[in-house]
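Asker: For reference, the chains in residue letters:
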Amino acid sequence: MQKFFRRNFAGYAFLSPWLIGFFLLAIGPILASLYLSFTKYNVVRPPQWIGLDNYFYMFQFDQRFWKAMQVTFTFVVISVPLKLIFALGVAMALDKGIRAIGWYRALFYLPSILGGSIAVAILWRQLFNYDGVINSILRLVGLDGPYWLADPKYSLWTLIVLAIWQFGSPMLIFLAGLRAIPQELYEAAEIDAAGPIKKFFAITVPLLAPVIFFNLVLQMIEAFKSFSGAFIISGGAGAPLDSLLFFTVYLYNEAFSFLRMGYASALAWVLLLIIALFTAIAFWTSKYWVHYENERG
Amino acid sequence: MSRLTRRTFLGASGSVLALAAMGRPAFAQAAEIRHFWWGNPERDKRTFEVIEIFNGKNPDIKVSGETLGFADYFTKLTTQIAGGNMPDVIQQGYGVLFEYIANGAIVPLDDYVGKSLDISRMDQSAIDAGTVDGKFYALSIGANSHMAMYNTRLFEEAGIVPGETFDPYGYTYDELSEFAAAIKEATGVPGTDDNTADYQNFSDFVGQKGAMLYNEDGSYGPTQEIVEEYWATWEKIRNAGGTPPGPESAGLSGVSDLALMGVVTGKSAMTYLWSNQLVGVQGLMQDKLGAAMYPNTAEMLPGSVVQPSQFVCLTRDSANPEAATTYMSAFVNDLDMTAVLGLERGIPSQSEVRAALQPNLTEVEALSVEFFDKIQGKTATLPPPPPSGSGEVEQTFERLAVNVLLGERSIPEVASDFLAQAQAILARA
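Going down the list, the protein sequences come from chains C and B. Following the UniProt record's numbering, the numbering of the first sequence begins with 1 at its first residue and continues without gaps. Following the UniProt record's numbering, the numbering of the second sequence begins with 1 at its first residue and continues without gaps.
Incorrect hints may appear among the rest.
[What the hints assert, rightly or not] In silico DSBU-like cross-links for lysine-lysine, where the CA-CA straight-line distance does not exceed 35 Å:
1) C:K3 with C:K96
2) B:K236 with B:K267
3) C:K40 with B:K76
4) C:K40 with B:K135
5) B:K374 with C:K153
6) C:K153 with B:K288
7) B:K267 with B:K374
8) B:K378 with B:K267
9) B:K236 with B:K209
10) B:K209 with B:K115
11) B:K378 with C:K225
12) B:K135 with C:K67
13) B:K267 with B:K288
14) B:K288 with C:K67
15) B:K135 with B:K236
16) C:K153 with C:K225
17) B:K62 with B:K135
18) B:K135 with C:K153
19) B:K45 with C:K67
20) B:K209 with B:K374
[What the hints assert, rightly or not] Derived DEER-like restraints, expressed as beta-carbon distance ranges:
21) B:P245 with C:A193: 57 to 63 Å
22) C:L34 with B:N360: 58 to 64 Å
23) B:E352 with C:Y55: 41 to 47 Å
24) B:G83 with C:K96: 29 to 35 Å
25) B:A82 with C:P182: 20 to 26 Å
26) B:S64 with C:G102: 31 to 37 Å
[Unchecked claim] In silico negatives: residues of chain C with every beta carbon more than 10 Å from chain B:
27) F9
28) L19
29) N42
30) V43
31) Y130
32) L149
33) P152
34) K225
35) S228
36) G236
37) A237
38) L241
39) S257
40) L273
Since the hints were made in silico from the structure, they are not lab data. Remember, it's a predicted structure, so these values are computed and weren't measured experimentally. Cβ coordinates follow ideal geometry from the N, Cα and C atoms, glycine included.
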């Protein structure tokens, strides 16, 4: 034991800024929120232990909780595949050896840097306002655009478009993955007279599967946690008619508008479990569609 | 760029330490007081100026100001409560105030009255409004009432003349419906905001129907009939063409930013707010504003109340309550400071301050004072403080009313849904 420490001391010493941060700033609050999820806590008064009541209330009585689940799942199920398809499409276009590719990569990555920011969410609101840019363009061609943000039929779509627009990081990862596919395979396929579609499904997709899987898991987690866009565009409360009541927005409202920190902590833990569950499902199904080159087949 | 070597780094950090050590006694001399308020650009400008005047007069106290928009104010305050670092002096409104008192975040001022805090010239009604269970907690910094603000140019263009074709202190919803449509006809701008999702107007309407928002036992007062009638009343005005289209009003539900109000953006000719906001709204506009009460039913029962618009309160986190209450006292009594504050937070509750302001009122401030004179005898008595959960009931109303604005569900259906949810919220609070 002592020998182990002497040998690894330097390593831990160098890690210590991160370790201290992790134990103090991450583990502490995580455990505190687990405890708080079993209490009634309004910040001003000390927490009061109420056992599983928060969880019972959530699943049995809370209509807005179910609404938030519905909104969040709709968003994840629609935005994640579309974003990945879009990112893959752009990556394949950029993989063709265009001149000044560095510029294009940077250009397409730019929205992802800006994407999570408040400024872009505000810009989005301006674009999709009834007298915003989108409707002005539609008016030029004689169309009367709807109230994109005030009408619950459309509001979620504005956020899905915002999410897809931030395709930069999966695109870069796809691009790296595409580069790793040996060109001989395509050449061999061409000799066998395979068209572009055949090549895509027979070579690109299977060989890219690990990268697709990686992007899928990452983007799914990100979509479940998505907050700032919905918060800004919905005026902080999930409006209109709770159509933008993302799970995180609801959680924020319960915690900071209504001071139900205990209940909000319970919501946070439910979100964590949902994300863990779906990640586990993704890993489990990956056995059937993701193959690694170095695996013995 | 010079390279940072180990020696220069150590040297630099050493001198920082030395500076910090030397600087300390100098800082410790002045008591530092933090004052936090929600505001608008006009209020922020005035309040920072007032802080400077106070700091100039009191070298032993150093006040610093912090401000946010209303929407974020209470969020920040909440996190500060949890962190035990609330500012010394905070602004509170009638309503939420009582939740903070009940929870102990705000402390009584009785120990400082007559010493660092002078309330000898405050109106008794203002003192009473800040008193809970015999203890004095909250210092009123202005009285307030519901006010409809209209664009005088648009009214004039449509031939609506206050005092002749329109009585600002006693008009009915039916009359509003008529002249709002006439304004739309004449100017292209709808005559009024649509208040379907406006809880403030709804609370007036409840009073006008002879009911109370909260019963004595704390249960919810409005009946199914009242809620339905309220929404039907606004539906009629909307269908007559007097308001912006439903979806547009839906997009503004729950919005508190003055710059987005219909009368400011030019999307309507009349907006419904609090009387103290008149100064702030006028500051955002070119056209001159007129002041009116909220519309009423034909029976003309009073629905609006006069209440303290805002209070300053002392928090339990204040390390120096003596200095904090000295500042609070000056905030309501010092004539140089109150001259700068003017009527921006409402009509001052201190008689001497009111008298000193009278000769120097700006046009818009004079309008506020005139409004207050005219509504005397037309307002209802101040109800007891709302129970906890009332803020959430308000948000639920605004959320569900959007169904009505968009025509998604029938009015009776939304009304019964709202009442069921309101009762559930109050039961859970």
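Asker: Is it the case that C:V43 keeps its Cβ farther than 10 Å from each residue Cβ in chain B?
Answerer: The assertion about C:V43 is violated, with a minimum of 5 Å to chain B.
Asker: Are all beta-carbon distances from C:N42 to chain B longer than 10 Å?
Answerer: violated, 7 Å
Asker: Against chain B, does C:L273 hold up as non-interface, every C-beta pair farther apart than 10 Å?
Answerer: holds, 24 Å
Asker: C:K40 and B:K76: Cα distance at most 35 Å?
Answerer: Judged against 35 Å, a Cα distance of about 20 Å means the pair holds.
Asker: Holds or violated: B:K288 and C:K67, Cα atoms, limit 35 Å.
Answerer: violated, 45 Å
Asker: Minimum C-beta separation from C:G236 to chain B exceeding 10 Å: can you confirm that?
Answerer: violated, 7 Å
Asker: Are B:K378 and C:K225 close enough, with their CA atoms no more than 35 Å apart?
Answerer: violated, 51 Å
Asker: Are the Cα atoms of C:K153 and C:K225 separated by 35 Å or less?
Answerer: holds, 22 Å
Asker: Was C:L149 rightly flagged as not at the interface, with every chain B Cβ beyond 10 Å?
Answerer: violated, 6 Å
Asker: Take the C-beta atom of B:A82 and the C-beta atom of C:P182, compute their distance, and say whether it sits inside 20 to 26 Å.
Answerer: Once the Cβ atoms are compared, 57 Å apart, the range 20 to 26 Å for C:P182 and B:A82 is violated.
Asker: Using the Cβ atoms, figure out if C:L34 sits within 58 to 64 Å of B:N360.
Answerer: Distance hint for C:L34, B:N360 holds at roughly 60 Å.
Asker: Is C:K3 close enough to C:K96, meaning Cα to Cα at most 35 Å?
Answerer: Given pair C:K3, C:K96 is violated - Cα atoms ~54 Å apart, limit 35 Å.
In summary, the structure is inconsistent with hints 1, 5, 6, 10, 11, 12, 14, 15, 18, 19, 23, 24, 25, 26, 29, 30, 31, 32, 33, 36, 37, 38, 39 from the numbered list given earlier, while agreeing with the others.
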